[in-house]
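J.: If you want the building blocks of each chain, they are given just below.
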Amino acid sequence: MTTLISIRSLKKYFPIHEGFLSKNTKTVKAVDGVSLDIDHGEILGLVGESGCGKTTLGRMSINLIKPTSGEIIFGGVDILKLDNPGLKALRPKMQIIFQDPFGSLNPRFTVERIIGEAMMVHGLAERSNLRSKVIEIMQKVGLPGSFINRYPHEFSGGQRQRIGIARALSLHPRYLVCDEPVSALDVSIQAQIINLLQELQEKENISILFISHDLNVVKHLSHRTAVMYLGQIVETAPTKILNKNAAHPYTRALLAAKPSTNPKELSSHIPLSGDVPSPLNPPSGCHFHTRCPEATDRCKTEQPTPFQLEEHHTVQCHLYN
Amino acid sequence: MPTRPPLLHIENLTTSFHTNDTVVQAVRGVNLHVNQAETLAIVGESGCGKSVTALSILRLISMPPGRFDSGQIKFNNQDLLSLSEAGMQKVRGNDISMIFQEPMTSLNPIFTIGDQIGEAIIQHQSATGAEARKQTLKLLQKVLIPSPETRIDQYPHELSGGMKQRVMIAIAIACRPALLIADEPTTALDVTIQDQILSLLSSLKKDSEMSILLITHNLGIVAQFADRVNVMYSGKIVEEASVDSLFENPMHPYTRGLLNSLPKDDSESKLESISGAVPHPAFLPKGCAFHPRCKDAMPRCQQQPPLTNTTKENTHKVACWLYEEGGESL
Numbered sequence: 000m001t002t003l004i005s006i007r008s009l010k011k012y013f014p015i016h017e018g019f020l021s022k023n024t025k026t027v028k029a030v031d032g033v034s035l036d037i038d039h040g041e042i043l044g045l046v047g048e049s050g051c052g053k054t055t056l057g058r059m060s061i062n063l064i065k066p067t068s069g070e071i072i073f074g075g076v077d078i079l080k081l082d083n084p085g086l087k088a089l090r091p092k093m094q095i096i097f098q099d100p101f102g103s104l105n106p107r108f109t110v111e112r113i114i115g116e117a118m119m120v121h122g123l124a125e126r127s128n129l130r131s132k133v134i135e136i137m138q139k140v141g142l143p144g145s146f147i148n149r150y151p152h153e154f155s156g157g158q159r160q161r162i163g164i165a166r167a168l169s170l171h172p173r174y175l176v177c178d179e180p181v182s183a184l185d186v187s188i189q190a191q192i193i194n195l196l197q198e199l200q201e202k203e204n205i206s207i208l209f210i211s212h213d214l215n216v217v218k219h220l221s222h223r224t225a226v227m228y229l230g231q232i233v234e235t236a237p238t239k240i241l242n243k244n245a246a247h248p249y250t251r252a253l254l255a256a257k258p259s260t261n262p263k264e265l266s267s268h269i270p271l272s273g274d275v276p277s278p279l280n281p282p283s284g285c286h287f288h289t290r291c292p293e294a295t296d297r298c299k300t301e302q303p304t305p306f307q308l309e310e311h312h313t314v315q316c317h318l319y320n
Numbered sequence: 000m001p002t003r004p005p006l007l008h009i010e011n012l013t014t015s016f017h018t019n020d021t022v023v024q025a026v027r028g029v030n031l032h033v034n035q036a037e038t039l040a041i042v043g044e045s046g047c048g049k050s051v052t053a054l055s056i057l058r059l060i061s062m063p064p065g066r067f068d069s070g071q072i073k074f075n076n077q078d079l080l081s082l083s084e085a086g087m088q089k090v091r092g093n094d095i096s097m098i099f100q101e102p103m104t105s106l107n108p109i110f111t112i113g114d115q116i117g118e119a120i121i122q123h124q125s126a127t128g129a130e131a132r133k134q135t136l137k138l139l140q141k142v143l144i145p146s147p148e149t150r151i152d153q154y155p156h157e158l159s160g161g162m163k164q165r166v167m168i169a170i171a172i173a174c175r176p177a178l179l180i181a182d183e184p185t186t187a188l189d190v191t192i193q194d195q196i197l198s199l200l201s202s203l204k205k206d207s208e209m210s211i212l213l214i215t216h217n218l219g220i221v222a223q224f225a226d227r228v229n230v231m232y233s234g235k236i237v238e239e240a241s242v243d244s245l246f247e248n249p250m251h252p253y254t255r256g257l258l259n260s261l262p263k264d265d266s267e268s269k270l271e272s273i274s275g276a277v278p279h280p281a282f283l284p285k286g287c288a289f290h291p292r293c294k295d296a297m298p299r300c301q302q303q304p305p306l307t308n309t310t311k312e313n314t315h316k317v318a319c320w321l322y323e324e325g326g327e328s329l
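Each protein sequence line maps, in turn, to chains S and D.
For reference, each letter of the first sequence is one residue, going 0 to 320 in numbering that gives the first Met the number 0.
For reference, each letter of the second sequence is one residue, going 0 to 329 in numbering that gives the first Met the number 0.
None of these hints come from the bench; they were simulated from the model.
Glycine included, C-beta positions come from ideal geometry on N, C-alpha and C.
Careful, some of the hints might be misleading.
[Stated by the list, open to error] Derived DSSO-like pairs (lysine-lysine); straight-line CA-CA distance at most 30 Å:
{"no.": "1", "chain 1": "D", "residue 1": "133", "chain 2": "S", "residue 2": "257"}
{"no.": "2", "chain 1": "D", "residue 1": "294", "chain 2": "S", "residue 2": "263"}
{"no.": "3", "chain 1": "S", "residue 1": "257", "chain 2": "D", "residue 2": "285"}
{"no.": "4", "chain 1": "S", "residue 1": "243", "chain 2": "D", "residue 2": "294"}
{"no.": "5", "chain 1": "D", "residue 1": "141", "chain 2": "S", "residue 2": "263"}
{"no.": "6", "chain 1": "D", "residue 1": "269", "chain 2": "S", "residue 2": "239"}
[Unchecked claim] Here are some chain D residues pointing at chain S (derived, C-beta under 10 Å):
{"no.": "7", "residue": "59"}
{"no.": "8", "residue": "62"}
{"no.": "9", "residue": "78"}
{"no.": "10", "residue": "80"}
{"no.": "11", "residue": "81"}
{"no.": "12", "residue": "183"}
{"no.": "13", "residue": "193"}
{"no.": "14", "residue": "195"}
{"no.": "15", "residue": "217"}
{"no.": "16", "residue": "218"}
{"no.": "17", "residue": "222"}
{"no.": "18", "residue": "223"}
{"no.": "19", "residue": "270"}
[As the list claims (entries may be wrong)] Some chain S residues flagged as far from chain D (calculated, every beta-carbon gap over 10 Å):
{"no.": "20", "residue": "15"}
{"no.": "21", "residue": "69"}
{"no.": "22", "residue": "131"}
{"no.": "23", "residue": "152"}
{"no.": "24", "residue": "271"}
All chains, please: the whole structure from these sequences, using the hints.
T.: This is the structure:
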């Protein structure tokens, strides 16, 4: 498989102004040197706890947030170096589905306008054939075409998420960022949306960056998984290998913390202590050392670098290097 | 095991909300019981009435628009619904206490956490301020908050989400309640923090005789944490069983659907989802509320709501026509 999008040492620092006349400036290192590749037709799961920078990374990858530094090569072009017309031409190829199906649809627009607007902007439809094109896409995501004149408030959460998916797919993207697309939904509806995403991905061979905090969902859906902690990717591996042979202590803790749905398999592990440290003031050395059960003195001072355990399995931990 | 009467016994509880043009029955004739020192889980999707059931027990439903149409809530053989408001205040936070889903908004931002934990102790045990502070420090240690001496004088905004939930738990267990109601206690928390809170709750449970009524939509937490489960759908309990029995042999099509829609460990196949969505509580379908989404629906399901059937051992109950005469054998 060939690489569709390649992210190189991407960083995003948010300045925080404090004090009189904003004299003191601190920086939140939301994403701190991330490199990732996503192949054509691959689903890459991105897992991490709140505040680890996964949403920032996802949005940066389609240039919704300007990175502080780094490169994003999409189909051979560095999208950060493009001018506005160049970026606009590329936009249809990169789309996003948001977490909140209630907040991400304009309540004053009908479904026709919500789904159709982007197609009009990018010249993929004209006034005359817009309606039929919108109905076609609605049917593709399992919404009856007769709902075309309805407003978002007339739909349930699961249906709204289908509208969000339809809007993203209307432009035939090659790369789709799914930012926690099912975490606001109930279990039975979650399964519907996961199946839909999987089906569409297989049919259209889209590459997906699937951001989630739910390891079960990522495990089910993604080919490869990247684990993020405090702005850095600590482990990347094919999903099966990650679940069997997780190398990083944080990944292992995440997997152990997930409650098993088998009452016969009662967990006996010791929970990870402490909270995620503030990204304003991350710990020295390895960011995870404050919570790591296997931390040594080296971890407190020296930051680990990515180390390749096997082909496709990279870990950022002193235990292995 | 000697059989003691259940600590909490809810019979035929119906809670409804009256607005200008509609009546919504959020809880429709619920029967359930919580035994001494037992953890009972109520599982269901949003809007199924699980939180309203919990709030009804403590009578925290604002009236109007809320109303109890029928039923009894017996706690230690005393009907909570017929208690005076003053009598109810003695129960709340003392005999029965509650942890809420949102630790961020459930604490008062203008009081220190020491004040908020101490309040319950002063209210219910007529302790002095100094005694309450001493007990509060012990409680903070019990819920494993590091350096309690400094934390006790801090405000909620100085604490992380997991810490705040620990404070909520400290308030809840301050008066050694007989029953703790935990309404989605970990839904707002990250996986590793959820893990910490659940292990804290388990160790507290082991140390005391406390019963827990756990409300959740997470079947993993149910499997790991509860002794018995009630599955709720559209204001009714559709299945009741021990945890082992429910996960091994789910009977109601809804329960089966829920378990099948979870991503499995070993399969890459499609998830089996339940089609459609939960009906609006003001416009419930006739008959069994689940029939429009049910794969096994029969003509009868559209006409009459099902009765509750019990298996031979009297432990597994299900409300579904499939298990009536002529249906699947039990």
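J.: Is the interface hint satisfied for residue 193 of chain D? The criterion is a beta-carbon contact with chain S at less than 10 Å.
T.: With Cβ-Cβ at 7 Å, under 10 Å, it holds.
J.: Measure nothing beyond the straight line between the CA atoms of residue 269 of chain D and residue 239 of chain S; if it is 30 Å or shorter, mark the hint as holding.
T.: holds, 17 Å
J.: Grab the minimum C-beta distance from residue 62 of chain D to chain S and call the hint holds if it beats 10 Å, violated otherwise.
T.: Result: violated, 28 Å to nearest chain S Cβ.
J.: In terms of Cβ atoms, is chain D entirely out of 10 Å range of residue 15 of chain S?
T.: holds, 16 Å
J.: Let me know if the C-beta of residue 222 of chain D comes in closer than 10 Å to any C-beta of chain S, holds or violated.
T.: holds, 4 Å
J.: Should the hint that residue 80 of chain D touches chain S count as held when the rule is a Cβ pair under 10 Å?
T.: violated, 30 Å
J.: Classify the hint on residue 59 of chain D as holds or violated, based on whether any CB of chain S lies nearer than 10 Å to its CB.
T.: violated, 24 Å
J.: Minimum Cβ separation between residue 69 of chain S and chain D greater than 10 Å?
T.: Holds, because the least Cβ-Cβ distance between residue 69 of chain S and chain D comes to about 27 Å, which exceeds 10 Å.
J.: Identify whether the interface hint at residue 217 of chain D stands, where standing means a beta carbon of chain S within less than 10 Å of its own.
T.: Given a least distance of 7 Å, the restraint on residue 217 of chain D holds.
J.: Does the alpha-carbon distance linking residue 257 of chain S and residue 285 of chain D stay inside the 30 Å limit?
T.: It is violated: about 39 Å lies between the C-alpha atoms, which goes past 30 Å.
J.: Holds or violated: are the alpha carbons of residue 294 of chain D and residue 263 of chain S at most 30 Å from each other?
T.: holds, 29 Å
J.: Residue 133 of chain D and residue 257 of chain S were given as a pair; does the straight-line alpha-carbon distance stay at or below 30 Å?
T.: It is violated: about 36 Å lies between the C-alpha atoms, which goes past 30 Å.
When each numbered hint is compared with the structure, violations occur for hints 1, 3, 4, 7, 8, 9, 10, 11, 12, 24.
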